[in-house]
Amino acid sequence: MPSDTRPDFDRRTFLDTLLATGFVSTALAVAYPVSRFLIPPASGEPATASAVAGRASSLRPNSAAIFKFGSKPGIVVRTADGELRAFSAVCTHLDCTVQFKADTSQLWCACHNGMYDLGGNVVSGPPPRGLEKFTVNVRGEGDDAEIVVSRT
Amino acid sequence: MIREVIAWLDDRLDLTDVRHFVAEKGVPVHAQKVWYYLGGMTLFLLAVQIFTGILLLLYYRPSAAEAYESVQFIVTQVQFGWLIRNIHSWSANLLIGLAFAHFFSVFFLKSYRKPRELTWVSGIFLLFLMLGFGFSGYLLPWNELSFFATKVGTGIAGAVPTVGHFTLRLLRGGDDVTGATLSRFYGLHVAILPAVTTALVALHLLFVQRQGMSVPLGVERRLKPGERLRQMPFFPNYILREVLAWYVVLAVLAALAAFYPWELGTKADPFAVVPPGIRPEWYFLAMFHTLKLLPSHILGFEGERIGVVAFGLIALFLVLVPFLDRRASRGESSPMFTTLALVGLLYLVSFTIIGHYAK
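Quick note, the sequences are listed as chains A and B, same order.
Heads up, the first sequence is in this note's numbering, so the first residue is 2 and it goes up one at a time.
Heads up, the second sequence is in this note's numbering, so the first residue is 2 and it goes up one at a time.
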């Protein structure tokens, strides 16, 4: 009897849809909080404005030192003629930490051979842009004078 | 779409066996079939535990200096962290409650009788593992209550004759409960226990699939010779009912997690005085209270030692139940084991309640 099969079919479709809607809603109700949970909350640490990079007297000409600038490394360089310069030590290519090469007086990233000059500009290699430059001040006098690095 | 994917897979992997299994798997229909749902509900909560546990691992730090702070961070800073942590805590308790209910239903229905002895044995070990999960997980937030409860709990392990001191040092990672204990309990909770549990659950389910559902002794005995019980197809009839049960569990879990947040308490301080009313989680209360009631010496032996040995013997007895209950294995009714199960149930319930209200 064709007239009897139609309502049955409709009921089945209705129930299937209801069931599928229920399952999909459950999945969404689980997926939403989980996806929010996966995103780490913004760190409570405020962006660092300045940091002490060590004693001025301990840094000889044509040498450099790594220091902590907030949660990231910075590098302070004393050039051959005695000038102090500071940069973010985070290579702009893939976040490796750069080092000072005394023989060529350049900043070098060991990961992919990125080379920067002492102005922070890219000389060769893959880095897309220069290192972030910081402002250097010397606080105090004599042997105890501190190198203070601040974001410009 | 789904049909096409299945056809594609069938073409390559030959799913004939799977199709036969899906089509033929049945569940016996009788008055006591409601008990069949408990195992599946416990399994569902185990999945919830694994899922939320993995999520908590993203932020939790297992060290005495950072554990408490990291849990605090999860429940206050991470979005929905409070929800994930509350669900993990509540689900753990519901899981152990359901596992006990599953255990007693199988005990009373004598489903452990031949040929399902090994299913029972694997199940008993899973129950012990769940208690191990509860005990090790309780310490991880490194709060005052869990710190002292772990001191007492591992101290009880120290009362085991001859191997006691060795076990205590093995559990604590030293003579005292310290950060070393936390590291051990963490490793136990997230690596060792899950590995063993996964293997045992797989075995437990394999046994159930191979043998099908057990029919209660009483129902089986009432069958006329040659008569067979009506079967319900597992797919989709039974599984949809099971999913409904899971939804009920999920609803209860979500309500508990949303309205009754799990306390974090204060950070553990090894040099603080023990706060009054220190007691373990409810599922250890009966055992805890029993040990409290024992006199300090029984027949010249330390009371605690006698208690611990007795619990060990009870555990051994539970493992051996299907081999000891000869009558049930022969298909005869065995009132003695029904009585034992009843006594066990009454003991657990009454001592848990008394332990809860005792000073």
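Source of the hints: derived by calculation from the structure; they are not laboratory data.
C-beta atoms are modelled at their ideal positions from N, C-alpha and C, and glycine is treated no differently.
A hint or two may mislead.
What the hints assert, rightly or not - Calculated Cβ distances over 12 Å to all of chain A for the following chain B residues: (1) I7; (2) F52; (3) L57; (4) L59; (5) A65; (6) Q78; (7) G82; (8) L84; (9) R170; (10) F236; (11) P237; (12) A255; (13) R306; (14) L349; (15) G356.
What the hints assert, rightly or not - Here are the in silico distance ranges between beta carbons for each label pair: (16) S26/A <-> L204/B: 31 to 39 Å; (17) G345/B <-> A21/A: 53 to 61 Å; (18) P162/B <-> A43/A: 49 to 57 Å; (19) S26/A <-> P262/B: 52 to 60 Å; (20) V209/B <-> T27/A: 19 to 27 Å; (21) S26/A <-> P271/B: 20 to 28 Å; (22) G126/A <-> I3/B: 17 to 25 Å; (23) S64/B <-> S72/A: 35 to 43 Å; (24) T153/A <-> T77/B: 52 to 60 Å; (25) A359/B <-> S72/A: 44 to 52 Å.
Taking the hints in turn, this is what the structure says about them:
no. : hint                         : in the structure
1   : I7                           : 18 Å, holds
2   : F52                          : 8 Å, violated
3   : L57                          : 9 Å, violated
4   : L59                          : 7 Å, violated
5   : A65                          : 22 Å, holds
6   : Q78                          : 5 Å, violated
7   : G82                          : 6 Å, violated
8   : L84                          : 6 Å, violated
9   : R170                         : 38 Å, holds
10  : F236                         : 14 Å, holds
11  : P237                         : 10 Å, violated
12  : A255                         : 9 Å, violated
13  : R306                         : 46 Å, holds
14  : L349                         : 34 Å, holds
15  : G356                         : 36 Å, holds
16  : S26/A <-> L204/B: 31 to 39 Å : 35 Å, holds
17  : G345/B <-> A21/A: 53 to 61 Å : 44 Å, violated
18  : P162/B <-> A43/A: 49 to 57 Å : 55 Å, holds
19  : S26/A <-> P262/B: 52 to 60 Å : 25 Å, violated
20  : V209/B <-> T27/A: 19 to 27 Å : 26 Å, holds
21  : S26/A <-> P271/B: 20 to 28 Å : 48 Å, violated
22  : G126/A <-> I3/B: 17 to 25 Å  : 52 Å, violated
23  : S64/B <-> S72/A: 35 to 43 Å  : 20 Å, violated
24  : T153/A <-> T77/B: 52 to 60 Å : 36 Å, violated
25  : A359/B <-> S72/A: 44 to 52 Å : 51 Å, holds
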